Structure formats: structure tokens, C-alpha cells
Amino acid sequence: MELVINFFHNTGFGLVTTGHLIMITVGLMFIYLGIAKHYEPLLLVPIGFGILMGNIPVFKGLGLGIYEKGSVLNYLYFGVRQGIYPPLIFLGIGAMTDFSTMLARPKLMLLGAAAQVGIFVTFLAALAIGFPANEAGSIGIIGGADGPTAIFLSAKLAPHLVGPIAIAAYSYMALVPVIQPPIMYLLTTKEERLIKMSDPRSVSKREKILFPIVAFLLCCFLAPAALPLLGMLFLGNLLKECLVADRLAQTARTALIDIVTILLGVTVGASTQADVFLTGKSIGIFCLGAASFMVATAGGILFAKLMNLFSKEKINPLLGAAGVSAVPDSARVVQLIGNREDPSNYLLMHAMGPNISGVIGSAIAAGVLWSFLLK
Amino acid sequence: MYGLKAISAANGWLITLAGISIVFSGLLVLSFFISNMEKAIRFLDKQKERIKHAKIKPVPELAKRKKKAKEDKRAEVTKVVWLSPEQVEVYNYYRWITERLGEPFSLQQLLEHAEKRGIRRPYYHLDMFLQMRLLYDAGGDQIGFYRWARDIEIELSEEKNEN
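Chains as they are written, first to last, in this note's numbering: chain A, 1 to 375; chain B, 1 to 163.
Simulated from the structure, these hints should not be mistaken for lab results. The structure presented is a predicted model; accordingly, all values stated were derived computationally and were not measured. Errors might be hidden in some of the hints.
To be verified - Here are the computed lysine-lysine pairs in the DSSO-like style, where the Cα-Cα straight-line distance is at most 27 Å:
no., chain 1, residue 1, chain 2, residue 2
1, B, K52, B, K68
2, B, K5, A, K208
3, B, K64, A, K107
4, A, K208, B, K116
5, B, K5, A, K281
6, A, K208, B, K46
7, B, K79, B, K68
8, A, K312, B, K39
9, B, K116, A, K205
10, B, K5, A, K205
11, B, K39, A, K205
12, A, K314, B, K39
Using the sequences provided together with the hints, build the complete structure.
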């Protein structure tokens, strides 16, 4: 009988705590949102399942948990800890992104820069409420609305916070259609939302080939710490545009990015073990993350309005909201709001410009924070 | 430490100011470069063209023969088609793709490759080339497959874009 009781105490039923149950509920919610609501299913389903995997109560010392040296999950987590997965994801993103809308109207890139204000405002707010500088930088990057960048920077600056930061970043990215519209309505008038954008010019293939090379050189000379992310992003794009490396581009935008997304999702999910995740800091991170998304959205919209004061050709300020780099969700939200005001107003194509420049901007911001805050 | 004191102690203001400036200046320089890239490419093309025309080379025997062969080939050309720079670019990509596909080729395959490679408005351009008779049906037992017309020469028109 004693043997049976001992066995029971070593099972999940015997070891389970309230924390485990809370986290399992969070995991199930992620899976539900991904499958039933179609909110970023490629990310939320592996992350949600990862949360379940990370929160099965196991007997410590068996080498099963993600933080136990030698465990399988620990080996897979190496890619997150060392910042290997995010650049590989950027390679795939580069290979699937068409930069032509941005190349056609380069001044919209500034909206992508303006939206990065959210990162730095949140960084200041995190410092003010008592987070150390390295953690504040990692929290601030949530405002970049770019999951891989957030994971990359927090793996470098505050590895112990990768779990909460990644979960916050991906949760808010999935909630872009909920978070952004109220701010967009609040900061724009009906007349502004009705502004129609003129058709963009056609972009030649040579421009598309030259762009990743020059952009890489310019950005990385300016912020060398952004090299791993931007280098891979622009390499992926060059593979796509140069036509002669189509096989590599095809692999990067399909098999490679899918494999890395699965590994990243599962391990980030599994890193949210209840004892590590359910702390006061995580709550702070979630609150600051939401604030940073709002500030970033507002920053982009207000800058678009500022640009309208000085430029002849008016910009629809809704496009500023696409400056947060949640590609392509924030651009879709801009299209949705613009279309709701005037069904003949198509903003999606124009919103992709600031959206993509937001990716570049947040990678530069991550590089800057990394170089300033690395001890 | 909390509040403004904590920000100042961690050099928060300086990092924020520097960070925002670097992100803005990076994207500003990039947008400036992009807005001038098209002009720079056109300028370089013009210069290349000018140098090509201005160069008077001594014509050795072999080059003379090559030139004659080229002129003979030109004589076979019965029609000249003027295309805008965008059309020439797409035409060159289509030629590049069909070199790999081999002639005769199926238009469906050509379009699939063009779409996959992000060539702009592939259907529109293919339709235009068909209307200009740059492509013709191979006929016979290869009906439904196409070849490039050999008796047509492509010239670049100054017009930037026809539509």
C-alpha cells in the first residue's frame, strides 16, 4: 500500500499545485484562441501546447523540466537562450516579404520609426517602477510588437524573463485587433479616416534587389548590434528577389521558418513553468506590455498627423497604427477601420509600408538597447 | 529606487534619446536612399547608354565578322517593337524563365514561375506580349505551347510607363 501511495505522490496528480492548474488553463486558452478564434494560430497553438508541456508537474531531478540540465526540452531551449531561433525566423520573414509597397512610398517608413517610441517610453516606465535596466530594456521591446525581436533581446539581457516577455508579446500581437481600434478612433477624426491614398508607383526588380543590400549596410553600420536580426532579414529578402537562389528562398520561407516556429513556440511555452512564471514581475510585464502597445500605436498615428501638417499630399493617419511591427495584423486592422468608414478606401497595401519598416525599426531599437544595456 | 531617480540612475533619459534618434535617423537615411534609388538607377542607365554610343572602337577582323553577322541577323528582323522600361524588364525576366523551361513552353508554367518570383502584373504583361505577337503558338503536335518570335526586335521607348 505504501508503494502505491509513494507512486501516487510522484505522479502529476500528487505533485500538482494551483500554479500548475492556472498555467494549464492559460495554455488551454491559447490553444482555444488559436484554433477557434484564429488568432495567430501558427504561434498560439505551439506556445499553448508548450505551456501544457512545461506545466505538467514532474518530480525534480528526473531531467524532464525545461530548466533541468540535460533534459530534451533544455537542449531545445538552447536555441532561445542563445538567441538562435529569432534570426532564423527573420530569414524566413525576409524570404516571404515583398518590400515593394515600402519602396514605392519611402516617407511612410517614418511612421514605422515613430511607433518605436512605445519601446522607449515603456523602458522608462519599467525603470520608474523599479525594474533593473536590463529587465526594463527587455520589457520595453514588447512595444516593438515583434515576437522574435522580443525573445532575442530578452534572451540577451534578461534570460530569466524570456517566458513572460514572449508570452506577453505574442498575446498582445494576437490581440492587435482588440487593442488598436479604440486608440485609432480616439486619435483620429472621421475626415482623417476618410483620406484616400494615391496609387503607389511601380517598383523595378533592380530596386528590389538593391534594397536589401543597401538597407543592410546602412542599418548595421548605424546599429551593429542589430546584425543577427537584420542580417538574416535582408539575406532572406535578397534570396527571394535575386531570382537565382529560388530554392534557398523557398526553403527559408516554408520548411525552415515552420520548423523554427514549432521549436520556438514549444520551448517558449514550456519555459512558463508555474514557479518561474507566476510572479509579481510577470504581472508588471503584462501591464507594461499592454501600455507599450498602446503608446506605440498612438505614436505612429500622432506622427502621421504631424507629417500631414507639413506635407502637400495628406496621409491617412490610420496608417501610423501599422507602424507597430505586428506583421500583417496591424496593417489588416488599418484596412478594416478605413474600410468601415468608406468601403471604397483600400489601405492595406499602403499600411504594409510602415508595417515592414516597423520590423526594421524594432530590430534597430533592439540592437541599440542591447549595446547600451549589456553588462 | 523608483521614479525619476531610478530613470536617471540607469541613464534612462540618455538611452531613450539616443535610441529614438538612432531609430529615426536610420529609417530616415534609408527612406532618403530609397526615394533616390530609382533616379540613381535611371541616371546610371543613361550614362551606360551614352558611353556605349560614344565609344568608337577600332574594328579588328574578328569583330568585323561578328558585326557583319549581327547586321545579317538584323536584316532578318522584320518588325521592331517599342516597350516601356517596365515591359522590357518583365520581357527579360520572361526570357530568363523560358530559357530554363526550354522552348516550346506552356503559358501556365510561365505564369506560375513569374508569380512565384514576384514579377509585377504577370497576366497583364503576358497578354500584352501575346497581342504584340512577341509569342506565338508552336502549332502542329505542340499546339498550346508557345515560342518567342525571332523576327521581332525589342527597343526601349523613353516613355516610363504606358498605363
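Now the hints, each set against the structure:
1. K52(B) / K68(B): Between K52(B) and K68(B) the Cα gap is close to 19 Å, so the pair holds against 27 Å.
2. K5(B) / K208(A): 47 Å, violated
3. K64(B) / K107(A): Violated, at roughly 52 Å.
4. K208(A) / K116(B): 15 Å, holds
5. K5(B) / K281(A): The hint holds at about 20 Å.
6. K208(A) / K46(B): Given that 27 Å is the threshold and the Cα spacing comes to 20 Å, the pair holds.
7. K79(B) / K68(B): 19 Å, holds
8. K312(A) / K39(B): 21 Å, holds
9. K116(B) / K205(A): 14 Å, holds
10. K5(B) / K205(A): Roughly 52 Å separates the two Cα atoms, so the pair is violated.
11. K39(B) / K205(A): 14 Å, holds
12. K314(A) / K39(B): Judged against 27 Å, a Cα distance of about 23 Å means the pair holds.
Of the numbered hints stated above, those contradicted by the structure are hints 2, 3, 10, listed in ascending order.
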